[in-house]
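Following the hints, position chain B against chain A.
Protein chains: 2
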Amino acid sequence: MQQLNHKIVRLAVMMTIASLGCGSYDAYAASEAKKPQVKANQALSMAELIKQSKAQDWRALDPENTLVMELEKGQVVIELAPHFAPQSIANIKALVHENYFDGLAMIRSHDNYVAQWGDADEKRAIKNARDKLPAEFSVHADKADVFTRLPDADGYAPQVGHVNGFAVGRDPKTQQTWLTHCYGAVGVARGNEIDSGNGTSLYAIIGHAPRHLDRNVTVVGRVMQGIALLSSLPRGTGAMGFYEKAEERGAIKSVRLASDMPEAERPRLEVVRTESLLFKDIVAAQRNRGGEWYKHAANYIELCNVPIPVRAREP
Amino acid sequence: MQQLNHKIVRLAVMMTIASLGCGSYDAYAASEAKKPQVKANQALSMAELIKQSKAQDWRALDPENTLVMELEKGQVVIELAPHFAPQSIANIKALVHENYFDGLAMIRSHDNYVAQWGDADEKRAIKNARDKLPAEFSVHADKADVFTRLPDADGYAPQVGHVNGFAVGRDPKTQQTWLTHCYGAVGVARGNEIDSGNGTSLYAIIGHAPRHLDRNVTVVGRVMQGIALLSSLPRGTGAMGFYEKAEERGAIKSVRLASDMPEAERPRLEVVRTESLLFKDIVAAQRNRGGEWYKHAANYIELCNVPIPVRAREP
Chain A
26 MQQLNHKIVR LAVMMTIASL GCGSYDAYAA SEAKKPQVKA NQALSMAELI KQSKAQDWRA
86 LDPENTLVME LEKGQVVIEL APHFAPQSIA NIKALVHENY FDGLAMIRSH DNYVAQWGDA
146 DEKRAIKNAR DKLPAEFSVH ADKADVFTRL PDADGYAPQV GHVNGFAVGR DPKTQQTWLT
206 HCYGAVGVAR GNEIDSGNGT SLYAIIGHAP RHLDRNVTVV GRVMQGIALL SSLPRGTGAM
266 GFYEKAEERG AIKSVRLASD MPEAERPRLE VVRTESLLFK DIVAAQRNRG GEWYKHAANY
326 IELCNVPIPV RAREP
Chain B
26 MQQLNHKIVR LAVMMTIASL GCGSYDAYAA SEAKKPQVKA NQALSMAELI KQSKAQDWRA
86 LDPENTLVME LEKGQVVIEL APHFAPQSIA NIKALVHENY FDGLAMIRSH DNYVAQWGDA
146 DEKRAIKNAR DKLPAEFSVH ADKADVFTRL PDADGYAPQV GHVNGFAVGR DPKTQQTWLT
206 HCYGAVGVAR GNEIDSGNGT SLYAIIGHAP RHLDRNVTVV GRVMQGIALL SSLPRGTGAM
266 GFYEKAEERG AIKSVRLASD MPEAERPRLE VVRTESLLFK DIVAAQRNRG GEWYKHAANY
326 IELCNVPIPV RAREP
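Chains as they are written, first to last, in the working numbering: chain A, 26 to 340; chain B, 26 to 340.
Hints listed in this document are in silico derivations from the structure and should not be mistaken for laboratory results. A quick note: this is a predicted structure, and the numbers were derived from the prediction, not measured. Accuracy of the hints is not assured; some may be wrong.
Copies of the same chain are indistinguishable here, so a pair counts whether it falls within one copy or spans any two.
Stated by the list, open to error - Here are the simulated lysine to aspartate or glutamate pairs, EDC-like style, with alpha carbons at most 20 Å apart:
#1 320 <-> 218
#2 198 <-> 73
#3 320 <-> 196
#4 168 <-> 285
#5 118 <-> 144
#6 168 <-> 300
#7 157 <-> 317
#8 305 <-> 295
#9 98 <-> 273
#10 168 <-> 95
#11 98 <-> 272
#12 118 <-> 87
#13 98 <-> 127
#14 320 <-> 220
#15 157 <-> 220
#16 305 <-> 87
#17 270 <-> 146
#18 98 <-> 290
#19 148 <-> 73
#20 148 <-> 272
#21 76 <-> 300
Just chain A, with the same shape it has in the complex (with noise of 0.2 Å):
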């Protein structure tokens, strides 16, 4: 038995990083029609492709578009995408600004979902922030940033792919683009009523992909850094996950715009640019991941197992 732990970590570490080589491959050459032949004659896994990138392959986190939320056990970064959620954007920047989060509390821990906040009591007034916007569930491509497509066939949009580092659905016909419901992701509740959502309250995915909700939610971005801290959160027993009692709700300390910090005090993470060659070579290396642990190649990659890998900067 004492090669145990050594196994698991050498598991752990195949599971979770692709390293040199590409070890016996058996793709099966099934669905050709909508599986993209891409060759898996890549050297290099995601960790040494990030190793050897450029500084140029990533973009700072927008500090104007960087949502900071301080919880009891740590920092959640959110970074949202203006592009595709304006007005929604553009309330929850006017709820931050007069301190609207502060003080609230994660209301809800839905297992293999999400994890939502906002005010369980719904005593706390909005000052300058407006009551109720419209959805904005799509944005003609026009109004998004450069699409970068993920050639793997997608069973919930036409297209998909990547959009400033968000994964995005498309369809061509209309032009109209949209982010999805990937781990991580955060929107806007709303009630039955498209235009009842205001930001006042939000959620992130946590669990499963519920691509379901994609078009049926206003998504305004996703979290850079601290999604452990609320994928982890004790599952509420309430219906729908949402927790029975003020002592089970963990509070939120506050929620601040990255720009609105002492520049110090701000987040300092970088995003790797999805237009870049790098993110291919990335996307690649996960589509077929390499080494000597993986004994099958999968030959294809679903858009939410896409990393989109988010570090440090260096000082």
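Frame of chain A; chain B shown alone:
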């Protein structure tokens, strides 16, 4: 703001349980080639279908293939799928019979990936179980049970569907069939060698389905109850989510086979028969969720978003 909690609750209700009616659909007709043409003409939600179901739509878990893991905070119930991994499952049962897991611990919690358990100290000896056994990544369809194909296309497998309550992939050319890494799937940790997993360390999927693991690890079953006890564990701070200190590891009080427990103490659960008409209706209801909340019909359901309902049996 009086409305907010109502909004939140309504959001939650609608996001979770599809309800009567079909709303205003705006389905796009793209990618016909890869997408089954399923009409969203069912009127009942999943919850209503379950309410109206008959006893014969459900089967009780087989006590001979049900593991009961007692953690400090509660019980995790795992159903094993012996058709798919007979040798691994026989070995896990042998380990359970020699009380191998009692007093061991959760050793890893890797965000958006796996929770893993076993012997962190590598000290526990195996008595009668085997130390080494062959990989069981897939089986010939003859060995599996009735395959109910999901009409929706999949990127990781030529065909997908369900066998006796488990989500599977299938290759019609080779007739090989395999258990997939959907949320809650339980597998046998292994090292680089294909035959290095013996069941002494197991993992459960607690994040977005890492389907690239399919046919790379022996999957033995799935968590039928208590997955939240595994998914909400504090994340390990070591490499790959391993816990670094003994006190971080939640203890396993015991792992028992249900058939070895007094009948009154066994979990009394039943699962929807995936070969039933009820299941077909549930899949249809979830593919295009009705009700007043949904504004856009997905017209697609991805394998790991298909619910396989489990409930307590009537006493």
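Legend entry - Structure versus earlier hints, numbers of those that do not hold, lowest first: Numbers 2, 4, 10, 16 and 19, in rising order.
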